[in-house]
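Quick note, the sequences are listed as chains A, B and C, same order.
If you're matching positions, the first sequence starts at 1276 in my numbering and goes up one per residue.
If you're matching positions, the second sequence starts at -12 in my numbering and goes up one per residue.
If you're matching positions, the third sequence starts at 756 in my numbering and goes up one per residue.
Please note that the accuracy of each hint is not assured.
Claimed, not checked - A partial selection of chain B residues facing chain C, derived with a Cβ cut-off under 8 Å:
hint, residue
1, Phe8
2, Leu9
3, Ile11
4, Thr60
5, Ile61
6, Val66
7, Ala68
8, Leu70
9, Thr98
10, Leu108
11, Ile110
12, Ala152
13, Met153
14, Pro157
15, Ile158
16, Gly172
Calculated from the structure, these hints are not laboratory results.
Quick caveat, the model's predicted, so the values are computed rather than measured.
Think of the CB as a built atom: it goes at the ideal place given N, C-alpha and C, for glycine as much as any other residue.
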Amino acid sequence: MAKTESTFKNMLLTLFLVTFIASGTLGFVYEFTKEPIRMVEINKKNEAIKDVFPGFTNEPYQESFKVAAGKDSLTFYPAKADGKLIGVAVETYTNKGFSGLITLMVGFKMDGTITSIKVLSHQETPGLGQKIERDKSNFETQFEGKNPATFKLMVKKDQGNVDAITASTISSRAYCDAVQRAYDGFEAEKEKLENEKN
Amino acid sequence: MEYILILISTVFVSNIVLTQFLGICPFIGVSNKVQTALGMTGAVTFVMVIATTVTYLLYTYLLVPLGIEFARTITFILVIAALVQLVEIILKKVSPSLYQALGIFLPLITTNCAVLGVAVLTIQKDNNLIESVFFSAGNALGFGLALILFSAIREQLELLNIPKAMKGVPIAFVTAGLLALAFMGFAGIVKM
Amino acid sequence: MNQWQNFSKGFLKENAVFVLFLGLCPTLGVTTSAVNGLGMGLATTFVLTMSNLVVSMVKNVVPDKVRIPAFIVIIATFVTVVELVMKGFLPDLYKALGLFIPLIVVNCIVLGRAEAFASKNTFLSSVIDGLGMGLGFALALTILGGVRELFGNGSLFGYKFISGDGMLLFILPPGAFLALGYLIMLMHKLKKRIY
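Just chain A, same shape as in the assembly (with noise of 0.2 Å):
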């Protein structure tokens, strides 16, 4: 290896040089892939939000608001059509799944009906909580056009309304914890969104 000897400035010399490179390097392509991932981000959360409550002409993500709800935070974005309110995209979490942390997207019409929900994150097991996910299972079909305030969020077993999945009755209590804060979330919210939907 060493046709240069392992003298202390050599090697200083060389371990500057090196970082010195690779960090400039590192800010170059920073810098390239900084919009991007920006995009990439805001592209997801867009998305979802059409997914749940297609039809909307504004830039829900634009408008979006964080609240505060339990440990974490529940994130709102209007949906407008033509400048008037026509609902909400919830972003909302739950920590009760059965491998932790569960986040959904759900769609309420201003009267609080659930448009759909769809499924952000989670680290379910496969064939059994995984099934919360729209295409892998009938079980978010339940909550379309339902709602909360006469649907009770809750599995059968607990004396609710829900269908839970067959051998996932965690992930169902959990995913219903979740639909539940964001219905709570709305409700809290909904007089201060009518009052600005102008």
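With the hints as your guide, set chains B and C onto chain A.
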């Protein structure tokens, strides 16, 4: 209480080797004698806890304020490499016999994915300093548990009549799979 | 050894996963599907080839005593480049590979080849070695990912053959160990036959 939960969940529920797949190389390489497994565990625990603490502090108080989070990988691995060198020097002075026993495995801790993995994981989980210390200690213990259990089993396996094709590494992996299956029973115990 | 042998040794004779038992953490961790295995394999190939390239260029300039730290910085730089580019342009793969992307820097294959090969061989040999070992690694990961996906999900590269679930064990941690154990056995038999 919360800290006890962190310990339980890292040692059993999300065991670093058997569920997260970190630290596999030494797991296969060091685990044929219980003695070496114990020595390795001690060294890894020492490095992992100190490394996680130092990298956490560096990340929170230097990288984030300066907005250079992307330098995380480089900084962390350099800290770990430096720490391992330090441990080598100290161990040589303080306990030459342990230094000899660990041999080549000591410098290999630098490339142990578990050490870098835990340092990164604790940031991802938004742990604070104290939680990070418990998190790293727990993971090191979990690593040790898996390693020691496994080496005890392997010592016994040596004495059995394994089909020639499966001898050595293949049967080791099948055993690890069964061990991982057993550990799956812990899932859901702690709601982290 | 001619350059063809240099390139092809990474595929079976000195396959990183099945023969040398290096880089096992990502092998078990990301192979829940063939695509993930392939993605990780290609990312690692990039880092391995680039770091071999740079190391073989600077091998006479870097003093012996600081070569390991210098190699680490070089490797870590390329890993961070991969991290950032994936985050911005391949977000789904980035999310799927998760923690294992930064862990490429401690993949024993990368530092191992830099130390054992690139620091002692010519530029061309080092690049070809990097490509061969890297692609061999990618092949191993894709095979393991494919097997696990096929048995565990009844699909291959996302294309489903059955409706419903497969043997879920294979996409869970124990399945990774089991599948790899049997694959190693099969690969050794294959190697014996060919060499």
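Hint by hint, here is what the structure shows:
| no. | hint | result |
| --- | --- | --- |
| 1 | Phe8 | holds, 4 Å |
| 2 | Leu9 | holds, 6 Å |
| 3 | Ile11 | holds, 4 Å |
| 4 | Thr60 | holds, 5 Å |
| 5 | Ile61 | holds, 4 Å |
| 6 | Val66 | violated, 11 Å |
| 7 | Ala68 | holds, 6 Å |
| 8 | Leu70 | violated, 13 Å |
| 9 | Thr98 | holds, 5 Å |
| 10 | Leu108 | holds, 7 Å |
| 11 | Ile110 | violated, 11 Å |
| 12 | Ala152 | holds, 5 Å |
| 13 | Met153 | holds, 6 Å |
| 14 | Pro157 | holds, 4 Å |
| 15 | Ile158 | holds, 7 Å |
| 16 | Gly172 | violated, 11 Å |
The structure is inconsistent with the numbered hints 6, 8, 11 and 16, although it conforms to all the rest.
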